[in-house]
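Trainee: Spelled out, the chains give:
There are 2 protein chains.
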Amino acid sequence: MNLLPLNGKAAYVESGVWANKAIKEAKLFGTTEVVATSKDKNFSYVPKNYSIPKDASYLHLTSNNTIYGTQIKAYPESPIPVVCDMSSDIFSKPVDVSKFDLIYAGAQKNMGPAGVTLVIVKNDILGKTGRSNPTMFEYQTHIDSDSLYNTPPVFPIYVCMATLEWLQSIGGVAAIEKINNQKAEMLYSEIDSNPMFQGTAAAEDRSFMNACFLLTNPELEDDFNKVLKENGIIGLKGHRSVGGFRASMYNALPLESVKVLTTIMKEFAMQKA
Amino acid sequence: MNLLPLNGKAAYVESGVWANKAIKEAKLFGTTEVVATSKDKNFSYVPKNYSIPKDASYLHLTSNNTIYGTQIKAYPESPIPVVCDMSSDIFSKPVDVSKFDLIYAGAQKNMGPAGVTLVIVKNDILGKTGRSNPTMFEYQTHIDSDSLYNTPPVFPIYVCMATLEWLQSIGGVAAIEKINNQKAEMLYSEIDSNPMFQGTAAAEDRSFMNACFLLTNPELEDDFNKVLKENGIIGLKGHRSVGGFRASMYNALPLESVKVLTTIMKEFAMQKA
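Chains as they are written, first to last, in numbering that gives the first Met the number 0: chain A, 0 to 272; chain B, 0 to 272.
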């Protein structure tokens, strides 16, 4: 709406449901070219080594795919502006913001409560669509008004501030990255070493925010769900399009919680062996 | 965006800044006809007795004008659907919702914290524009998903629930209307009887949510501001387009607060007499 010119073209990497939704909405404003997709393997990997059309207005990426448990580990070099939906892994690790022309992210994973969205945009990519959007939907409106064009959602913004102050106090994104790496390595090594479980995402593309895994014997799912419940672990049901289990490890989840889960996985394997 | 057909026409009553903003945005999607305006007297009254074009898709009204302190007391009979922005007086008094085809209201006056908007819409006025809006901006999307298409702003919604439970516990909109009437009558009778002050809005259109008034001697403004500050009263500065003072009396303001203000106004008059 803010970037795609009338009769213009935008390039999209289709890496999951959120990418798909972005493509669907962009089609209302111009042409979309899907330059790469992992749909052939149910989005279990991140497309790589694709060519980026120089005549497109921008390349759109999704940094982390919550449903399929994949994450971009290395961003492509792009001859055109790069737009990235970082909703589900922003502030989980250092990112070179200067390499992106527009970053957007809903607050509700690593920032704060639902109800506010963060946008980082380079001024010079705006104002080129030849389209008049509603005032509220123009990024320029919010730039011109220092993000106070409308009465802002004060409480969600306040909690984002408090969360970022907490993050800064423990050493910032560099510090949380180390903890997130520990959490992910602990869980994925359990998934890989425990014969009862198997990961669903390609190993090199595994998300450090959302680990998706199945039981090697699907008939034991009810048993495992029972054990999870008995131990106070909730919300591990995988999305219906993948099945199995999904453990989310956003910044707010302590290492101790992953330890609890991996201990239970070990015990479950011993019981059922 | 949801109601005005391609090449269609909508009728607007221009009663202040918020009406103006609505007209500006509607122009992006079709033709607007301003059927009545009070711009000639700086929006100090509510336009009445205008004719409503039968070929317009809807008539748009603003129930209460915060900046100018005016409020619709009797809604017009309309041959076409009526859309009303009730942001600043919803839940302040009983309203026959069935007479409106679409009511919208930001939460942050009588409902809850900023960050959520209430919409009440008749199903049969939707789906007639011939336009494809972004999915998120189609009311039908939210109807189809029971308002859970997106991750909702949970905290603002929760506080709205708590506020509405409180309102219900004291007797609902009929009970709060009596209190709001008492508050408004107390303040306006002081404004009218005290020679130091004068109201800016036409008496019959005075808002029961926002009372705008001036000092008859503008040179005393600094003195009155000092007295307000000494008594812990803040936020009474009028909007720059009207000047003077504006006392807002939303549901959350108790009668006692209005008593404090009117007492100070009386004392100020005695001091300066």
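Treat the hints as calculated values from the structure; they're not laboratory data. All figures in this text were calculated on a predicted structure; none of them were measured in a lab. Among these hints, one or two may not hold up.
Label-pair restraints from in silico Cβ distances [stated by the list, open to error]: (1) B:Phe136 x A:Ala272: 29 to 37 Å; (2) B:Ile119 x A:Lys177: 21 to 29 Å; (3) B:Leu27 x A:Ser50: 35 to 43 Å; (4) B:Gln139 x A:Pro52: 47 to 55 Å; (5) A:Gly231 x B:Thr134: 57 to 65 Å; (6) B:Ala268 x A:Lys127: 56 to 64 Å; (7) B:Asp143 x A:Lys26: 16 to 24 Å; (8) B:Asn216 x A:Pro4: 52 to 60 Å; (9) B:Glu203 x A:Thr150: 24 to 32 Å; (10) B:Gln139 x A:Ser256: 37 to 45 Å.
Here are the simulated lysine-lysine pairs, DSS-like style, with alpha carbons at most 27 Å apart [as the list claims (entries may be wrong)]: (11) A:Lys92 x A:Lys127; (12) A:Lys121 x A:Lys72; (13) B:Lys26 x B:Lys92; (14) A:Lys23 x A:Lys38; (15) A:Lys127 x B:Lys40; (16) A:Lys26 x B:Lys26; (17) B:Lys47 x A:Lys23; (18) B:Lys127 x A:Lys23; (19) B:Lys53 x A:Lys127; (20) B:Lys177 x B:Lys225; (21) A:Lys20 x B:Lys127; (22) A:Lys47 x A:Lys23; (23) B:Lys23 x A:Lys26; (24) A:Lys40 x A:Lys72; (25) A:Lys26 x A:Lys8; (26) B:Lys26 x B:Lys40; (27) B:Lys47 x B:Lys23; (28) B:Lys23 x B:Lys8; (29) A:Lys26 x B:Lys127; (30) A:Lys177 x A:Lys20; (31) B:Lys98 x B:Lys121; (32) A:Lys258 x A:Lys177; (33) B:Lys271 x B:Lys177; (34) B:Lys177 x A:Lys127.
No residue lacks a Cβ here, since even glycine has one placed at the ideal position from N, Cα and C.
Trainee: All the hints need checking, so say for each whether the structure fits it.
Mentor: Here's how the hints hold up against the structure:
no. : hint                            : verdict
1   : B:Phe136 x A:Ala272: 29 to 37 Å : violated (54 Å)
2   : B:Ile119 x A:Lys177: 21 to 29 Å : violated (50 Å)
3   : B:Leu27 x A:Ser50: 35 to 43 Å   : holds (37 Å)
4   : B:Gln139 x A:Pro52: 47 to 55 Å  : violated (34 Å)
5   : A:Gly231 x B:Thr134: 57 to 65 Å : violated (37 Å)
6   : B:Ala268 x A:Lys127: 56 to 64 Å : holds (59 Å)
7   : B:Asp143 x A:Lys26: 16 to 24 Å  : holds (20 Å)
8   : B:Asn216 x A:Pro4: 52 to 60 Å   : holds (58 Å)
9   : B:Glu203 x A:Thr150: 24 to 32 Å : holds (29 Å)
10  : B:Gln139 x A:Ser256: 37 to 45 Å : holds (40 Å)
11  : A:Lys92 x A:Lys127              : violated (32 Å)
12  : A:Lys121 x A:Lys72              : holds (23 Å)
13  : B:Lys26 x B:Lys92               : violated (32 Å)
14  : A:Lys23 x A:Lys38               : holds (15 Å)
15  : A:Lys127 x B:Lys40              : violated (40 Å)
16  : A:Lys26 x B:Lys26               : holds (23 Å)
17  : B:Lys47 x A:Lys23               : violated (45 Å)
18  : B:Lys127 x A:Lys23              : holds (21 Å)
19  : B:Lys53 x A:Lys127              : violated (39 Å)
20  : B:Lys177 x B:Lys225             : violated (32 Å)
21  : A:Lys20 x B:Lys127              : holds (24 Å)
22  : A:Lys47 x A:Lys23               : holds (22 Å)
23  : B:Lys23 x A:Lys26               : holds (26 Å)
24  : A:Lys40 x A:Lys72               : holds (19 Å)
25  : A:Lys26 x A:Lys8                : holds (9 Å)
26  : B:Lys26 x B:Lys40               : holds (24 Å)
27  : B:Lys47 x B:Lys23               : holds (22 Å)
28  : B:Lys23 x B:Lys8                : holds (13 Å)
29  : A:Lys26 x B:Lys127              : holds (21 Å)
30  : A:Lys177 x A:Lys20              : violated (32 Å)
31  : B:Lys98 x B:Lys121              : holds (10 Å)
32  : A:Lys258 x A:Lys177             : holds (16 Å)
33  : B:Lys271 x B:Lys177             : violated (34 Å)
34  : B:Lys177 x A:Lys127             : violated (54 Å)
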